[in-house]
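Visitor: First to last, the sequence lines map onto chains A, B, C, D and E.
Position 255 of the first sequence, counting from 1, maps to 255 under this note's numbering, and the rest follow consecutively.
For this note's numbering, add 1000 to where a residue sits in the second sequence, where the first one is 1.
For this note's numbering, add 2000 to where a residue sits in the third sequence, where the first one is 1.
For this note's numbering, add 3000 to where a residue sits in the fourth sequence, where the first one is 1.
For this note's numbering, add 4000 to where a residue sits in the fifth sequence, where the first one is 1.
Derived by calculation from the structure, the hints in this document are not laboratory data.
Nothing here was measured: the structure is a model prediction, and the numbers come from that model.
Wrong hints could be hidden among the right ones.
Okay, derived cross-link-like pairs now, EDC-like style, lysine to aspartate or glutamate, Cα gap no bigger than 16 Å in a straight line [claimed, not checked]: (1) Lys-4087(E) / Glu-1185(B); (2) Lys-4254(E) / Asp-4228(E); (3) Lys-1194(B) / Asp-4214(E); (4) Lys-3087(D) / Glu-2185(C).
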Amino acid sequence: LDQVTFQLDWLPGGDKSPIYVCIEQGFCEEAGIEVTIEQGRGSSEAVTKLATGISDIGTAGLGALMAATITEDVPVTAVMSYFNQGPHAFYTLEGNGIATVEDVRGMTIATSPFTSSNVYLPLVLADLGMTEEDIVLNKMDPGALGPTLMTGQADAIIAWVVDITRYTTQAEEAGKDIVVIPWSTAGLELYSASVVANDTFLAERPDVARRFLEAYQRSIVFASENPSEAAEAVVSVVPELDLAAIEGGVNDAMLLVFNEVTEADGLGAFEAGRLAATWERVAAAQGFDVDALDPETIVDRSFLPTN
Amino acid sequence: MSLQDISAASSSSAPPEDSTAPATPAAVEAAKVPLGRQMMAVPGLLPGLTIITLLVVWELVTSIFPIPSFILPAPTRIGGAIDAVPADRWFDHVWATLRVAMIGYVISICIALPVAIALTRSKVVSACLYPLLVVIQSTPVVAIAPIIIVILGSGDAPRVTITFLITFFPLVVSMTTGMMATPRELIELSQSLKAPPWREFTQIRIPYAIPYIFSGLKISITLAVIGAVVAEFVASSQGLGFFIQFSTSNFKLPQAWLGLGFLVLMSLTLFNLVVLVQRIFFPWSMPKDER
Amino acid sequence: MSLQDISAASSSSAPPEDSTAPATPAAVEAAKVPLGRQMMAVPGLLPGLTIITLLVVWELVTSIFPIPSFILPAPTRIGGAIDAVPADRWFDHVWATLRVAMIGYVISICIALPVAIALTRSKVVSACLYPLLVVIQSTPVVAIAPIIIVILGSGDAPRVTITFLITFFPLVVSMTTGMMATPRELIELSQSLKAPPWREFTQIRIPYAIPYIFSGLKISITLAVIGAVVAEFVASSQGLGFFIQFSTSNFKLPQAWLGLGFLVLMSLTLFNLVVLVQRIFFPWSMPKDER
Amino acid sequence: MPNNAAIAFENVGQVFATDTGPLEALRGVSTSIARHQFVAVLGPSGCGKSTLLRLTSGLLKPTSGSVKVFDLEVTDPRDDVGIVFQKPTLLPWANTIDNVLFPLKHRGGFVAKDDRQRAHDLVKMVGLEGFETRLPNELSGGMQQRVGIARALLMDPDILLMDEPFSALDALTREEMGFELLRIWQERPKTVLFITHSISEAVLLADRVIVMTDRPGAILEDLKVPLDRPRTVETTTSKVMHEFAGYLRSLLLKRAA
Amino acid sequence: MPNNAAIAFENVGQVFATDTGPLEALRGVSTSIARHQFVAVLGPSGCGKSTLLRLTSGLLKPTSGSVKVFDLEVTDPRDDVGIVFQKPTLLPWANTIDNVLFPLKHRGGFVAKDDRQRAHDLVKMVGLEGFETRLPNELSGGMQQRVGIARALLMDPDILLMDEPFSALDALTREEMGFELLRIWQERPKTVLFITHSISEAVLLADRVIVMTDRPGAILEDLKVPLDRPRTVETTTSKVMHEFAGYLRSLLLKRAA
Ligand SMILES: Nc1ncnc2c1ncn2[C@@H]1O[C@H](COP(=O)(O)OP(=O)(O)OP(=O)(O)O)[C@@H](O)[C@H]1O
Ligand SMILES: Nc1ncnc2c1ncn2[C@@H]1O[C@H](COP(=O)(O)OP(=O)(O)OP(=O)(O)O)[C@@H](O)[C@H]1O
Ligand SMILES: [Mg+2]
Ligand SMILES: [Mg+2]
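Okay, chain A solo, but in the shape it has when bound (with noise of 0.2 Å):
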C-alpha cells in the first residue's frame, strides 16, 4: 500500500469525516492507500507542515494558501475545492433582533482573535455600506464565544456555519434559540477548505495522489448520503466525540459541499471565475496587490477524478 500522511487543518470533528470515512469504509485500501492522519491547529500551520514536507496531501482554507503562496512562495498547491462558499456567519439569538448582516449596525459583535472570518469581516460590511468603526467588536477565545452570545454580553458571535448544531444545543441548555446568517447570503462568494497537497508529492507520486482524490471524493459523498455512519467512522477513531453531535456536524459541513455552486460547477471543482473571485476577496482584504498573483498558479484541476 502507497502511504500518504493526510494533514488536518484543525481537530477532528464532523466536518473533517471524508478522511475518517476513506479510512473506516475502506476507500482508501481499495485505492492501494494507507493514510495516515496528521492533526492541525489551523490553516497556516497545515500549509506549512504540507510546505516542509511533513505531509503529503490535507486540507486549508484557500485564504490561507493564497496568503501564503504571495508571500513565502510556498511549494503547495490546492487540488480540489471542498468548501465551495465561505463558511462564516453571524450567530444570534431570536429577539436580539438581527435577521440580515445589515441588522449588526451598532451591535456588540464576539469574534476569536485569528479566525480567517475576521479578514472577511471588513469586505462583507463594505458590500453594505459599513465599515467596522459601526460596530462593536470584541476578540476573544473561541470557547468563550457560546456563553459571551448566551449570557448577552453580545449581541451577535461570528462562527461557521459547520458549528451551527453544536451552538444549537448549546443554546437549548440555556433556554434560548439561535439564529443563523451566512456571510455568502450577502454575497460573499468564495472557496475556503480546499485539498490541497505538496509540490512534491504530487510531482513524485501523482498516481498516488489521483487514486487518494478518487477515494477521497467517494467518501464525500458517501459522508453526505450516510451521515451518521461517517460520524460513526469519525467516533470509532476518536472515540472522546459525541455521535450525535457529529453527525449534526457532518450535516452542516455538507451544506457548504453540497450546494448551488456545487450543481453548476461539479464535486470538488475550482471554476475560475469564483476562483479569481476569492483571491479578489484575499487580496483586498490582506491588503495584497491583486495583479501580484495568479490565482491559477495556486490550483492544479489535473488531478480531480473525471466524474
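Place chains B, C, D and E with the ligands on chain A using the hints.
Guide: Positioned in the frame of chain A, the structure of chains B, C, D and E with the ligands alone reads:
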C-alpha cells in the same frame, strides 16, 4: 501519595507539640486553640477537607444559581462525564501527558544543574549565557512551535522540548541563586582543603542550595505539566491538554472539566512527590518540625 | 538600561581584581587568562557580543543552507519587516503588552507577599492553602479562558488576571521558601525582643529572604511577559502576542519574528530592571563583587 | 520563693528530643536570683548553661519544672530582658549602628536622635568607634561580639542575660568591658545572669557564682563571692579573690576525678 | 630567609577595601616560623590576627609584601595546611563524624574504615563521645568548636593554623585539650600557628609568643618561651611561667597607656 505532604511545603516557625521536644512560646499559645493543630495530626485531613469544601460550595453554587453548564458545570455533572470516554482512553491521555511532563522535567533538571554550575563558576560564562537564557525563556512557545515541529517531527520530541523550555529557566535561576548564596565561610572551608573545584559544588554549594533547588523544583514540576499541556495544544493528538482543547472545541464541557480535574490531580500528586523526595532525602533542608 | 546588568545575576566566587581588595587565589589565577575578565570591565560588552554573534551565525546559516524563510527567516529579512507596520502601531502593541505584564506583575507581588507570610506563619493556613495554590497553578489558563472572559468581560481585566495567575505561584513559592529558611538564631533574636509579630517579617524574615524573593521576581518577570502574551492569544485585539499570532496566521512571518524580537527585548529589559533594583536597593543580598 | 526574686528556677529539667534519641541537658535545677543580683554561671562545656539562659529568656520552655521571672511563669520572651547570645547573631545586612539600634526599631519604638546618640555612645564604649557603618562581615570575631553586647545594653533591660559575652576578647579589652559592665550595673541596677568560662572574670564581676555539673547539668555549688563592692583593678590582684578563684578552680577540676 | 622556615612573612601589609573606605588591618609584618615550631599569637581584638592566619592559609592575598610557606609564595590554599577557624564553620547538614571526616571526603580521599576509626578516636579525644551522630545545631557552642578542632587534626597536616580554638571551652576542658594538642604535636611534629587570647595558654603551649599591636596590626614583641618541654600540669603553676605570663600581660596592657 496523598495530600498530606503538601503541608510539608510550609510551616509556622513553631515546633509541634511534643512532650519531649523543646516547645517555643508560640507552640504554647497554639495549645489554647488546638482545633486546627489537632486536625494537622491526621495526615491529609486539612488539605482534603479544603478541597472537599470547595467542591461542595461549587456544587451548591451551580445548583442554586442558574449558571449554564457551558460556563461552569456542577462537579457531579463533571464526574458523570467519566463514562464519555472509555477507561483505557483516559489512561492513554493521562499517560501521554505524564510521560512528556516527566521526561521534559528530568531533562530540564539534568541540563539546568550543569548550566547553573557554569553560571556560578564563571562571571564570563554568566555574562554570555544569561541573556540567552532570558531570550529563550521569554520566547512564547506557541510562536516558535512550528519550527520546533518542523525540526523535531511529530513524535514526543517536540513536546518534550517545549516542556523542557518552559521548566528550564526557573530551575536555572533558583539553582544559581542558591549556589551563589552559599556563605563565604563554607566556600573558604572548601578552598582551604584544596579539593578539586567540582567538589566545592557537590559537597558545599549544592547541599547548601538544596532549599533553593527544591523551591525551583516545586515551581518547575507544575510548569512541566503546564508545558506538556501547552505542547499538546500546539502539536499532539493525545494527552490531557489535547483532550481538553478537543472537548472544548466540540463543546463537550463537562468532559473538558473532567480532563482538567485529572490534570490538576496529576499536578498535585507530582508536586507532593517532590515535597516527599525533599523530606526523605534532605530532611535537614526543611524546618525541623516538618521532617 | 543596557545588557550589562545581566551579569550581576551571577558571578564566580572570586572577587574582581582590584589592587586594594582582598584577592582570593581564584582571582590570581584568572589574571593569567585575563581576556574574558578584561571584557567584563566594559559594561554590556559580553552580553552584547553574545547576542550579535548569535545574529550573525543565524544570518549565515539562513544564507548558506536552503532554509525556507517560512521556517526561519534571516535576521536581515526580519529587520526589514519594521516597515510593515507604522511606528505608532508598533508602539501600541508594545505598550499593550507591557501594560498588562506590568499591572499583572505588580498585583501578583502585592498578593503573593501577604499569602507567603500567611503560609509561613501558620501551618494550618498552609495545609489548607497550598493545595489550592497548586490547583490554580496547574490549571492551564487556556482551559479556563472562557470563564475568565465571561466573568471579567473584554477589557484589560481578563488579561491582567491571566498574567497574575501565571506569575503568582513562583513568587509565592520562592517567598515562602525564603522566609522559612531564615536561620533560627535570627528568629529567636526577634522573639527575644518581644516585638509585634509582623515585625519578625518586615525586619527579619523578608530581609533574609531577599535573595529568594529576587530569584522569584526574576522568574516571574519573564513569566509576566509570557502571561500577557498568552492572555492576548485568548482575548485581545492588540499587543505583541496578538500581533505575532495574527501575523503568523496570515503567513506574514518576518513580521511575526520581528514582533517576537520586540517581545524578547522587552523581557530582557524588564529582567535587567529587576536585577538593577536588587543591586541598588539590596546590594548586601548580592555577592560582594557584584554590588 | 521569696517575693523579691527576679528569676526563680523550680526543679527545672530539660530533655531535647532529637532524631538520634532524647538528650537530657538539665536535671532538677532549683535556685533563685534576687533582684539586682549579679550571678555568674560556671560549668563544663555542654553542661547546659546556654540552655538555662534560653529557658530564662522564654525562648525555650522547660520539659519539667518551671521558670519564673518576677514571680510570673515564663511562657514567652519578655520585653524587660536583654540577651547577649553565645554567637554574635547580628543582622548581616545591617551595619554596626543599625545592629545596635535594632531592638529599638524592632519593638517599634521611634528611633529618636537621642537613641541614636546612645547607640553611638555604646559603640564607643565597646571600643568600636570608627566602625559604626561597617557590616558584620567586615568586623573581626571579637568586634562582632562587642556589637552584640552594645545591642543588649541599648534597651537598658531589668534583666540582662549574657552567654559568654567576652569569650572572643583579649585580656585587656575583656577587663575593660567587665568594668564597664559593672559601672553600668551600678549606675542602673539590674539583675544579671552571666555565663562565662573565666573563673577570675566570674569572681571579679559577680555577687554569686553558680557552678554546674557535667551533663545533665545540675547545680554543683552556689557560692557568694567574698569580695566587697566596688571592685577595681586592685581587686583582681587581691588575695581573697585569688583564693576564691582557686577554690572554684578546684571545684571545676574535681569533676574530672 | 632561612631554608628551614616553614612560614615566612616579608613586610606583609593588608588593606581591606570596603564600601565605607579602606581599612588597614596589617602593616609591615615580617617574621618567620621554623619548621615544627609552635608559635602563639597574642593581640588586641581586631588587630589582624585572623587576617594573618588567613594570609598564611592562602585564602587571602596580601596587598603588600609576601607570605611564603616552605619557601613557596602562597597564592593558593595548600593541602598540607589544617585550619581551625574562629567560627566553628561546620556543615549544618552533616553530623559530628561526617563533619570531622569532611576534609577527607572533600579532597576525594576514599574514606576507609581506618579513617573512620581515626575520626572516632578524634571525636573521643575532644570529648564528644556519644555525639557522633548529632547535627551541629544540636551541639553547644563549645562542642561545635571541638568538632572543628577534630576536623583540622584528621588530615594530620604539616602546618596547623588555629584561630582561638579553645575560646568557648571551660578551664578544665581547655587545659585537657591543650595537653592533647601538645601530645599530638610531639608525636607527629608539625608547625603550629596558634591564635589565642589566653596568655597562660600561649605560654603553656608555645615555643614562641608573638605579641601584636593594635590596628593596624604589627609585631610588638616576639619572645621565646623560657620553659622546657615537655610541659605538664606542673608547668602551669611554675614560677617561670608565672613571671613570663606576667610580662606578657604587662605588654598587652601597655598599649592602653
Ligand atoms: N537544640 C538542641 N537540640 C538538641 N540538643 C541540644 C540542643 N541545644 C543544646 N543541646 C544539647 O544540650 C546540652 C547542653 O547544651 P548547652 O548549649 O546548654 O551547653 P553549654 O553549657 O552552653 O555549653 P558551651 O559552654 O559549650 O556553650 C548539650 O549536650 C547539647 O548537645
Ligand atoms: N573581610 C573584611 N572586610 C573588611 N574589613 C575586614 C575584613 N576582615 C577583617 N577586617 C578588618 O580587619 C581588622 C582585623 O580583623 P581580624 O579579624 O584579623 O582581627 P582579629 O585580630 O582576628 O580580631 P579578634 O581577636 O577580634 O578576632 C578588623 O578591624 C576588621 O574590621
Ligand atoms: Mg553555651
Ligand atoms: Mg579573629
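Visitor: Lys-4087(E) and Glu-1185(B): Cα distance at most 16 Å?
Guide: Between Lys-4087(E) and Glu-1185(B) the Cα gap is close to 9 Å, so the pair holds against 16 Å.
Visitor: Does Asp-4214(E) lie within 16 Å of Lys-1194(B) when you go C-alpha to C-alpha?
Guide: Distance of about 32 Å is beyond 16 Å: violated.
Visitor: Do the alpha carbons of Lys-4254(E) and Asp-4228(E) lie within 16 Å of each other, as the hint requires?
Guide: violated, 28 Å
Visitor: Given the hint that Lys-3087(D) pairs with Glu-2185(C), test it: the Cα-Cα distance must not exceed 16 Å.
Guide: Holds, at roughly 9 Å.
Violated hints, in rising order: 2, 3; the structure is consistent with all others.
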